[in-house]
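Chemist: These are the residues of each chain, in order.
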Amino acid sequence: MTVQNPPAARSSLSRDGLLWTLIRFREAGISLFILILVVAVTLRAPSFLTLDNFKDILLNISILAIVALAQTMVIITHGIDLSVSSMIGLVAMMVAFVVKENPNMPVILSVALGMALGAVLGSFNGLIITFGKVPPIIATLGTLSIYRGLVFYYSQGTWINSFELPAGIKLLSKGTPLGLPNIVIVAILVAVIVYFFLNYTRTGRDIYAVGSNPEAAQFAGIRKQRITFLVYLISGLLSGLAAVLWVSRFESAQTNTALGFELQTVAASVVGGVSISGGVGTVTGVLLGALLLGIIQNSLTLIRISPFWQLAAQGLLILVAVISDKWILSRVERNRK
Amino acid sequence: MKAQTVPEAKSASLISEFPPPRSLLSRFQRWEWMLVGLILLDVLINIRLSPHFLDARNLSRTSSDFMEIGLMMLPMVFIIISGNIDLSVASNMGMSASFMGLLHNQGVDIWAAALAGLLLGTLGGMLNGYLVSRIKLPSLVVTLGTYAFYRGIAYGFLGDQAARGYPKAFTYFGQGRVFDTLVPFSVVLFIVMAILFGLALHRTTFGRYLYAIGSNENATLYSGVPVARIKFIIYTLSGFMAALAGLILAARFGSTRPDIGTGLELSVITAVVLGGVDINGGKGTLPGAVLSLLLIGLMRFGMGLLNIQGQVQGIVIGLLLILSILLPGVAQQISSVRKLQWQGRTVLTALGVIAIFVLFFVFFFWSRAPVIAGG
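Sequence order for the protein chains is A and B. Residue 1 is where the first sequence starts when you use the numbering used here, and the numbers rise one by one after that. Residue 1001 is where the second sequence starts when you use the numbering used here, and the numbers rise one by one after that.
The following block holds chain B by itself, in its conformation from the complex (with noise of 0.2 Å):
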């Protein structure tokens, strides 16, 4: 009889109990690690450029500037990984903390109140919930009316007026810093809470239909998965988290106008995107997204201190999110063509396009100078 000879776990064998081999490069190559890779290089620079960066005190201040956008953030990964989208967040926002408001002026406990308000919000978000999957209408035009309508509602609440007087047990909830230690509270809120849909997304079966769902849509459902209901539950969360994120705004400004957080909803959709969250659906995690919060309260706040507004620095922000996505993209496909093949009219029209703006830069420059010397 022959010796068998056990198979070694390098043979050719088609199925082994081990995953392939990867080299330490490769297991770095995720999106996450590159957003890692760049807090610390913003970390760096901005060391370099502002004493006052590492300032604790600092820090512990600009990061509550960031914390409503992250609470409003954390069901947006939900939403965006199956697919979908929620503009109204932001407006949404905005109705919870004016119907809040308005009550209080009227004279109504602020807990009451906020509690109305969170039930408004709410409210507000399974109005979008029933809309896209009941009447099964895209979520983009459906979250674009609510976008007007819960704004509008806003200000038909407090018109314009603004809702002043909080007592400090409820500005506590913006400003106030958790013990004696420097980090807020809305920190330590939005830190819990993140904590609990990562659970919920990447450790339960929920979580799994998510992806599913944003991957193919048409599969799950005949798979059996309750795709109606979930999509309904998340545009709900999507409106409480909105509505709580709205209170802890009127809590930290200690007021609130009908105008609150408008167009944050293109900040939290750019965080959620940068966190490597495919836009698409079915792809990105949530400590993606958390990291890329990071990264860009990180960049606006070391812009802040070399005195670079808001609105340029939405700039150096656009770029980013463009560059993200385009960089890698563009990396695959220079590795993938083995020869470059440098035809002259591609030539020419690469320097035709480069030549038309830099024009346009040389023309931005030169139309500005008079008017900005004279005055």
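One chain only, chain A, in its complex shape (with noise of 0.2 Å):
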């Protein structure tokens, strides 16, 4: 007898097909609200549309993108980490007192060292999470005090600045070896390995799993704990990679540093499509949001809208976008229908 398709084959394809549809249509969305914001902004400051904004705009977002990356994955597994501004803050704080003791410290070993220290940092609440059972906005809201609370016993108050960093970190960010600042080199190359993480390894699609379906995942035979404590490593992990290259961009690190991030980080990987009840998000959608946001901020500045205005204006748009995309995903449901 010739083994029938069993249907849960046939409906998970058709599902897969409109969920495609969705991220698919999400992505043609935001792209065509970037288009349609790039030349309303051109029409009213020409010099917008300049290779040299560009790349400006693409410095100002590189950071953003690496750590909203990592709370995609996060926001995927259906949890959050508000804790990415308080890491990125402490791992700051330490990495410049290091280099600034040992100023002949090879640019590769402070890296390494941010990452480290925040890989523990997300491993603690990797563990809290899901040895402690203690749901994520508590566990990372926690956090997110204790690590900022840190930074000020850690420095006392002091700050590092410019004259005490040594040249070699300063460049990190900045050398242009390959004609693009560095730092946004890094920032793809994150963007592609997670890209990759995410879509062709086994892992990464359990980490979907787990988002859409946790009983279900458990029950397919995947570690729910192990993926949760790893999200949220790796999150700790790439906010040490962001803090190493804070502290080289911005050339200081305080005790403020990185203050209110967070939201940033959230605010980018909402707009690019990431469900915040968990299961969907591309890495495409995660960086156009960042990108939205820094067009969005770069645009404000050259049409001379007042800075202070600018706050507004990023919070409407994330409203705009939410809305938007509830409008297009309630209209896909209902042609299916």
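Just so you know, the hints here were simulated from the structure itself, not pulled from any lab data. Bear in mind the structure is a predicted one, so any value in this text is a computation, not a measurement. Glycine is no exception: its CB is placed at the ideal position from the N, C-alpha and C atoms. Misleading hints may appear alongside valid ones.
Straight-line Cα separation of at most 27 Å, BS3-like style, residue types lysine-lysine; simulated pairs [as the list claims (entries may be wrong)]: (1) 224(A) / 1283(B); (2) 174(A) / 55(A); (3) 1283(B) / 133(A); (4) 326(A) / 1136(B); (5) 100(A) / 170(A).
Looking from chain B toward chain A, a few residues come up when the C-beta cut is under 10 Å (computed) [unchecked claim]: (6) 1158; (7) 1237; (8) 1334.
Pair ranges (Cβ atoms, derived) [to be verified]: (9) 218(A) / 1226(B): 34 to 44 Å; (10) 1344(B) / 223(A): 11 to 21 Å; (11) 47(A) / 1160(B): 19 to 29 Å; (12) 35(A) / 1204(B): 44 to 54 Å; (13) 175(A) / 1335(B): 56 to 66 Å; (14) 106(A) / 1344(B): 33 to 43 Å; (15) 1332(B) / 223(A): 15 to 25 Å; (16) 250(A) / 1310(B): 18 to 28 Å; (17) 175(A) / 1161(B): 39 to 49 Å; (18) 162(A) / 1310(B): 51 to 61 Å; (19) 277(A) / 1051(B): 47 to 57 Å.
Take the two lone chains, each set in its own frame, and fit them into one complex as the hints suggest.
Modeler: Pasting the structure below:
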């Protein structure tokens, strides 16, 4: 007797079809939005559409992109990591201290140090959430305060400024051996790695599974605890990398470094189509989200809108993006029926 | 005929008129009692550490520091119990206070300006409510957007100027005391509001609906409860209270800057969750939230007397928040496992993890020493 195609496979295929359409639709929507915005801004300020300006935008969003990718993976598992800003602040301060005392330390070592420190902080989050069974929003809310407090305790309020940092680390983000600033290249590299990880490795697909339907994933043999721990570890790792880049780019480490940054990463993810209830999200979407945020910031300055209204514009943008996203979704759902 | 015996109350009847007997100890196994215990513990510790801890004037002064958080906390309890969240409260507060400040700077009468601020804040809450209840967007995302949007509007109103020169009649609301006692007006206001909110939550149908929505929103919806309207109401309330808190804060400072209250939403949520309200909704009490506010307030006050900086105090509060959920969960796990099975592999990983964290702290203290000493 021939084996028939189990109905489950067929419906999952069609669901994939719908999901794929939604995702493509989402990215098309964001891309269109960006295009319209670019055209509108260029009409008002022709200096927007120059290569130099574009490089400037990329420079500004590189760190955001790296951390937003980490945040995306966490959100896909139906979690959230509010502590990224404090992790960046703490690692930045610690690395800056070490680099100040050891100016001849190879730069690559400081990057490795930053990532290692970040990994420890991230794994603390992971442990609290997996073993402690503390809900992610609360756990990371707690570590947000704890890590930020540690920055203050560590530095006693002092900060590291540009003169105290050796040239090597300052050049890390700004050097342009390949035409683009290093920091942009690092961001692109991270994006490529994350893309392959999420789409072409089993662990990456498991992350989506855990987010979509944790129980089914568990029954399918996926170690949910391991995957959850892993995403927070990665979040810490990438935050550590971002911290070193932050010190390098801004040539300083202060107690309020990266304060409030976590919400920008969530905003970039959400605008990029990542669903807050997990299971949905793509690398391209997040990158587009970060790009959109960067364009908004850049264009508002060019159009001479007072910097005081920029935050309001960003917030309004998030709302518009999310509302239109929901509207598109409901339309697609209705057409399907 | 057989004489029929009356069944004793303690017989094996499945349905009893009396609630099952509970030991005295189990009656105290509630989150709120844990908070009371922690408060007593904290008071005892602080009395030993700081002679000025129980000074009435100090307590009076510090209590008003927390009343704004307290006012915003009350509707937040409603929102979190119903399974939602509001990240925009502090930004709404800033927006309302900044609007009032702007109008006052332009010469508008303070009371009219205050009313306008209240109105704007309430509108802000209504926008949140509309997006969550009618457009059915996730509350985290909506309030994240309005968190930025309202704060941005606050900056748009005041820019880099500050609003100053509020008349004494107005600053009374933030700084004044009732009659001739040491009790600040804002504390009395908070107590009154807390009683109102507490009655609404625990003694009305509306309150029961909140728990129902938090437990199982679909079932509640299908039971005919006007879920959308209720959500709209609680977010509007949140906006109103945020605006009220903003006015009180502005009155307390005597001035307004657009960054007023930045970051307070996290303190509000911490206070609510520490108060025993489940972040996923469906559980929690208002007295618990009030107790946790008291605990946090006393702890911060005590640490302040010990010259511990505000941000470093955050370490303790953050740990408290995490442990308050972690310890009961772990205790439950340990008690439910009859025999602890110590596998070699688990022990090794546990030791490895502990070693890594110890290494981290060693590095932490080692790396800061030279710079702190050198200055």
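Chemist: It remains to establish, for every hint, whether it holds in the given structure.
Modeler: Evaluation of the provided hints:
1. Between residue 224(A) and residue 1283(B) the alpha-carbon distance is near 26 Å, which keeps this suggested pair within the 27 Å criterion.
2. Between residue 174(A) and residue 55(A) the CA atoms are separated by roughly 12 Å; this keeps the pair inside 27 Å, and the hint holds.
3. Simply put, residue 1283(B) and residue 133(A) have alpha-carbon atoms about 17 Å apart, close enough for the 27 Å limit, and the pair holds.
4. For the hint pairing residue 326(A) with residue 1136(B), the CA-to-CA distance comes to about 9 Å; that is within 27 Å, so the pair holds.
5. The hinted pair formed by residue 100(A) and residue 170(A) meets the criterion: a straight-line CA distance of about 12 Å does not exceed 27 Å.
6. For residue 1158(B), the interface hint holds, since its Cβ comes within 10 Å of a Cβ in chain A; the closest pair sits about 8 Å apart.
7. Interface restraint check: residue 1237(B) against chain A, minimum CB-CB distance 21 Å, threshold 10 Å, status violated.
8. Hint on residue 1334(B) is violated. Least Cβ distance to chain A is approximately 12 Å, over the 10 Å limit.
9. In this structure the supplied range 34 to 44 Å holds for residue 218(A) paired with residue 1226(B), their Cβ-Cβ distance being about 36 Å.
10. For residue 1344(B) and residue 223(A), the Cβ-Cβ distance of about 20 Å falls inside the hinted range of 11 to 21 Å, so the restraint holds.
11. At roughly 26 Å, the beta carbons of residue 47(A) and residue 1160(B) sit within the given window of 19 to 29 Å.
12. Here the CB-CB span from residue 35(A) to residue 1204(B) is close to 52 Å, well matched to the stated 44 to 54 Å.
13. Between residue 175(A) and residue 1335(B) the CB atoms are about 58 Å apart, so this pair conforms to the stated range of 56 to 66 Å.
14. With their beta carbons about 39 Å apart, residue 106(A) and residue 1344(B) fall inside the hinted range of 33 to 43 Å.
15. Between residue 1332(B) and residue 223(A) the beta carbon distance is about 22 Å. The supplied range of 15 to 25 Å therefore holds.
16. Distance hint check: the CB atoms of residue 250(A) and residue 1310(B) are about 24 Å apart, consistent with the given range 18 to 28 Å.
17. Evaluation of the 39 to 49 Å hint for residue 175(A) and residue 1161(B) yields a pass: the beta carbon distance comes to about 41 Å.
18. Judged by the Cβ atoms, the range 51 to 61 Å given for residue 162(A) and residue 1310(B) is violated: they are separated by roughly 27 Å.
19. Between residue 277(A) and residue 1051(B), the C-beta spacing of about 52 Å keeps the proposed range 47 to 57 Å intact.
Going down the numbered hints, you'll see the structure goes against 7, 8 and 18, while the others check out.
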